[in-house]
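**Q** One-letter residues, chain by chain:
Protein chains: 2
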Amino acid sequence: VVDGRTARPAAGRRDQKKRDTRRALAAAAERLAFERGPQSVTVEEIAEVAQVSPRTFFNYFASKEDAMVGFDPAFLELLRAALIARPAEEHPLEALRYVLVPPDGDVGRMADWWTRRTRLIHDHPTLLGRHLASVSELERVMTEAVVARTDVDEFYAAIVVAAAITACRITVFRWEATGRRVSLVDALDEAFAHLASGLVPPVAGPAARSSA
Amino acid sequence: VVDGRTARPAAGRRDQKKRDTRRALAAAAERLAFERGPQSVTVEEIAEVAQVSPRTFFNYFASKEDAMVGFDPAFLELLRAALIARPAEEHPLEALRYVLVPPDGDVGRMADWWTRRTRLIHDHPTLLGRHLASVSELERVMTEAVVARTDVDEFYAAIVVAAAITACRITVFRWEATGRRVSLVDALDEAFAHLASGLVPPVAGPAARSSA
Numbered sequence: 001v002v003d004g005r006t007a008r009p010a011a012g013r014r015d016q017k018k019r020d021t022r023r024a025l026a027a028a029a030e031r032l033a034f035e036r037g038p039q040s041v042t043v044e045e046i047a048e049v050a051q052v053s054p055r056t057f058f059n060y061f062a063s064k065e066d067a068m069v070g071f072d073p074a075f076l077e078l079l080r081a082a083l084i085a086r087p088a089e090e091h092p093l094e095a096l097r098y099v100l101v102p103p104d105g106d107v108g109r110m111a112d113w114w115t116r117r118t119r120l121i122h123d124h125p126t127l128l129g130r131h132l133a134s135v136s137e138l139e140r141v142m143t144e145a146v147v148a149r150t151d152v153d154e155f156y157a158a159i160v161v162a163a164a165i166t167a168c169r170i171t172v173f174r175w176e177a178t179g180r181r182v183s184l185v186d187a188l189d190e191a192f193a194h195l196a197s198g199l200v201p202p203v204a205g206p207a208a209r210s211s212a
Numbered sequence: 001v002v003d004g005r006t007a008r009p010a011a012g013r014r015d016q017k018k019r020d021t022r023r024a025l026a027a028a029a030e031r032l033a034f035e036r037g038p039q040s041v042t043v044e045e046i047a048e049v050a051q052v053s054p055r056t057f058f059n060y061f062a063s064k065e066d067a068m069v070g071f072d073p074a075f076l077e078l079l080r081a082a083l084i085a086r087p088a089e090e091h092p093l094e095a096l097r098y099v100l101v102p103p104d105g106d107v108g109r110m111a112d113w114w115t116r117r118t119r120l121i122h123d124h125p126t127l128l129g130r131h132l133a134s135v136s137e138l139e140r141v142m143t144e145a146v147v148a149r150t151d152v153d154e155f156y157a158a159i160v161v162a163a164a165i166t167a168c169r170i171t172v173f174r175w176e177a178t179g180r181r182v183s184l185v186d187a188l189d190e191a192f193a194h195l196a197s198g199l200v201p202p203v204a205g206p207a208a209r210s211s212a
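Line by line, the protein sequences are chains A and B.
All residue numbers for the first sequence refer to the numbering used here, where the first residue is 1 and numbers rise by one.
All residue numbers for the second sequence refer to the numbering used here, where the first residue is 1 and numbers rise by one.
Read the hints as simulated data drawn from the structure, not as lab findings.
Warning: the hint list may mix true and false statements.
Said to hold, decoys possible - Stretch-level coverage of chain A by chain B, calculated; a stretch enters the list once three of its residues show a Cβ under 8 Å from a Cβ in chain B:
1. 14-25
2. 29-38
3. 67-78
4. 128-134
5. 143-153
Just so we're clear, the structure is a prediction, and the values are computed from it rather than from any experiment.
The C-beta atom is built at its ideal place from N, Cα and C for all residues, glycine as well.
Using the sequences provided together with the hints, build the complete structure.
**A** Set out below in structure tokens:
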């Protein structure tokens, strides 16, 4: 965590360098995992591709699986801060939507990342344990942030967070499965609208069904 | 699938025997997995404990992992039929709640099963792949049934099913984590009420919070 009071240009450059190193290691880990399967990849190889020492690798990651499918703690902290910064009167679903899929974000790039991640895990179930731990961590951080921003009870917060993440999962999965034919942003809007409506069935009928 | 028109007492007895055999194999697989870890257990041992041949084992299961954490296809068919049988005017969330946690069911026994299953998978991540395939299968069957009962669009159905299953997961997890101090049925009621409300934040305040 950066302490704003003591941040100096040198510290800023050091932080940037750390972020770059972390990103290079994660990219190397992902690429090697795709090429040869996680089990055949060693920490030494990942470090070599990213041009750092194995010792440096362990400054950033606890294991090769962590480098392949872990979430960056700094990214989780950004999500937490972004969620807490949303206006208190905003519906938690809106706030979660805003933070998980920022309207000014590159949704195509996000979807590509998601697709690669899903494919990697699907092809290599040995990564599942680490992946699910990442998702639990994401749920925990988001739940804490939902509680922190409006002081709602934690059970409610856990439900709204899990529902939002699940809606994203279903939406991206179906968007991929149907050949990305619709706008992902529109599909996410629809999914969150279903949640906000209390999951009331949409009006059925020939017109509605033919456009589905 | 039992065909009612041709079912005879002998066929009924045969079906019952099959169900018993399947149950005995699954119970043996689960017990051995807990005792020694899934990797040290063989199909031969599971069959021996259930007093059938390894060949018989493969009439019921594709793999030992399937026996340990798969869902019985007959159970999934029961869920499908039960969901389709719910009144068409019933809110899909209500129908899913009714089917996933039947009001006349033994919720304590269900929770025990869930706890065992969760612990087994947590302790032995090699079972995760098969487990997640089971959950996907459950989602698929329930989604088809939601579409079949009222002809809503499939995307909506997938969202409502995933939200309902996620709510059950969060509820049972938190109920366990907090020492089962509250009624699981009440907690499930609360979770489904949150979903049905459109995930509107519950009214906060000292009273609400002290009872949370």
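**Q** Determine for every hint whether it applies to the structure shown.
**A** Results of checking the hints against the structure:
Chain B is given as covering the stretch 14-25 of chain A, and this is violated because 0 residues of the stretch bring a CB closer than 8 Å to a CB of that chain, at least three being needed. Coverage of the stretch 29-38 of chain A by chain B is violated. Counting CB-CB distances below 8 Å, 0 residues qualify, and the rule asks for three or more. Look at the stretch 67-78 of chain A against chain B: 0 of its residues bring a Cβ nearer than 8 Å to a Cβ of that chain, fewer than three, so the hint is violated. Figure legend: the stretch 128-134 of chain A, annotated as covered by chain B; annotation consistent (3 residues with Cβ-Cβ distances under 8 Å, at least 3 required).
Three residues within the 8 Å Cβ limit are the bar, and the stretch 143-153 of chain A against chain B gives 4, so the coverage statement holds.
Hints 1, 2 and 3 from the earlier list are contradicted by this structure; the remaining hints agree with it.
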